[in-house]
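> Once you've looked at the hints, dock chain B against the given chain A.
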Amino acid sequence: AQKITQTQPGMFVQEKEAVTLDCTYDTSDQSYGLFWYKQPSSGEMIFLIYQGSYDEQNATEGRYSLNFQKARKSANLVISASQLGDSAMYFCAPNDYKLSFGAGTTVTVRA
Amino acid sequence: IAGITQAPTSQILAAGRRMTLRCTQDMRHNAMYWYRQDLGLGLRLIHYSNTAGTTGKGEVPDGYSVSRANTDDFPLTLASAVPSQTSVYFCASSGGENTEAFFGQGTRLTVV
Chain A
1 AQKITQTQPG MFVQEKEAVT LDCTYDTSDQ SYGLFWYKQP SSGEMIFLIY
51 QGSYDEQNAT EGRYSLNFQK ARKSANLVIS ASQLGDSAMY FCAPNDYKLS
101 FGAGTTVTVR A
Chain B
1 IAGITQAPTS QILAAGRRMT LRCTQDMRHN AMYWYRQDLG LGLRLIHYSN
51 TAGTTGKGEV PDGYSVSRAN TDDFPLTLAS AVPSQTSVYF CASSGGENTE
101 AFFGQGTRLT VV
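Here the protein sequences line up with chains A and B, keeping their order. Throughout the first sequence, residue numbering follows my numbering, covering 1 to 111 in sequence. Throughout the second sequence, residue numbering follows my numbering, covering 1 to 112 in sequence.
Be aware that one or more of the hints could be misleading.
[Claimed, not checked] A few chain A residues facing chain B, derived, Cβ under 7 Å:
| no. | residue |
| --- | --- |
| 1 | Tyr32 |
| 2 | Gly33 |
| 3 | Phe35 |
| 4 | Gly43 |
| 5 | Tyr97 |
| 6 | Lys98 |
| 7 | Ser100 |
| 8 | Phe101 |
| 9 | Gly104 |
[Claimed, not checked] Pair by pair, the computed Cβ-Cβ distance ranges are:
| no. | chain 1 | residue 1 | chain 2 | residue 2 | range |
| --- | --- | --- | --- | --- | --- |
| 10 | B | Val60 | A | Thr7 | 20 to 28 Å |
| 11 | A | Asn58 | B | Ala14 | 50 to 58 Å |
| 12 | B | Thr5 | A | Ser41 | 17 to 25 Å |
| 13 | B | Gly95 | A | Thr108 | 41 to 49 Å |
| 14 | B | Pro61 | A | Phe47 | 37 to 45 Å |
| 15 | B | Leu41 | A | Asp96 | 16 to 24 Å |
By construction, these hints were calculated from the structure, which means they are not laboratory data. Even for Gly, the Cβ is constructed at its ideal location relative to N, Cα and C.
Same shape as in the complex, but just chain B:
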């Protein structure tokens, strides 16, 4: 089934540890995005990629890094997790500016 998949679904992480959230899509979409959503609030853009090989910073990029080695994968890395990074993380992809984005199911991350 075509779509976008995130892993893991949830994770409890000790502060200071490194963590990579995985995101894979099989729709051959050029654009991919990472957001964080804190409880009861909206989605804030962390990083984005408009095509394989390029990435850009969003609204809240500090403490996060991304890579886009190919079209399908867009991993998000927390180099040294801190409690303020506790959030739900959503990955999304889009086939173009006038087409809707498709979202993963989210990763619930708790940093303790």
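Only chain A is shown next, with the shape it has when bound in the complex:
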């Protein structure tokens, strides 16, 4: 079965530093994509960024970027210049027909 894996249950990062969150997708498909979402303590799910397997460049959206390694089928999220408001749970999900999410990583930004 295809499976999405996030290996880091929780991470701490100092304000203004960068943090990298892991996400790996176990799939036999050559064409796939990975979404990242943020869930702050208020509970809403916020779409952050998307990477397709055939995209030439790593996806970037403001302070969010993806370190895409096609051979490993991973798209790690990099949050640069962390802010207190980045404290949240972060989920990745593949763009398959079931949209199943990884277990998530809790990020806590320290002042």
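The following block gives chain B in isolation, referenced to the frame of chain A:
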């Protein structure tokens, strides 16, 4: 305002009762999903629908049923609620595989 709406926002339900959680979207998205999220944990897929008239089972379908009579609505029914179904339920919709999903605000359900 276009979006996805869930109702109710919260509910306390006696065990054994039947309950339907409502989800409506006005974005004409083909795909819709139901998830449950237990405290401090991730989202687990209950059921999904890739287009009106079709549904599929997710990771944790037991005790839940869904229907997709039209594009806009995707209700989730608990036929006989049990305390282990206490959770926050999220509905989501998506316009296609390469487009992001939009989420409802969630329904907090407590079964006592």
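> Each hint needs a verdict: does it hold in this structure or not?
Comparing the hints with the structure gives:
{"no.": "1", "hint": "Tyr32", "verdict": "violated, 9 Å"}
{"no.": "2", "hint": "Gly33", "verdict": "holds, 6 Å"}
{"no.": "3", "hint": "Phe35", "verdict": "holds, 6 Å"}
{"no.": "4", "hint": "Gly43", "verdict": "holds, 6 Å"}
{"no.": "5", "hint": "Tyr97", "verdict": "holds, 6 Å"}
{"no.": "6", "hint": "Lys98", "verdict": "holds, 6 Å"}
{"no.": "7", "hint": "Ser100", "verdict": "holds, 5 Å"}
{"no.": "8", "hint": "Phe101", "verdict": "holds, 5 Å"}
{"no.": "9", "hint": "Gly104", "verdict": "holds, 4 Å"}
{"no.": "10", "hint": "Val60/B / Thr7/A: 20 to 28 Å", "verdict": "holds, 22 Å"}
{"no.": "11", "hint": "Asn58/A / Ala14/B: 50 to 58 Å", "verdict": "holds, 51 Å"}
{"no.": "12", "hint": "Thr5/B / Ser41/A: 17 to 25 Å", "verdict": "holds, 22 Å"}
{"no.": "13", "hint": "Gly95/B / Thr108/A: 41 to 49 Å", "verdict": "violated, 33 Å"}
{"no.": "14", "hint": "Pro61/B / Phe47/A: 37 to 45 Å", "verdict": "violated, 25 Å"}
{"no.": "15", "hint": "Leu41/B / Asp96/A: 16 to 24 Å", "verdict": "holds, 21 Å"}
In this structure, the earlier hints numbered 1, 13 and 14 are contradicted, and the remaining ones agree with it.
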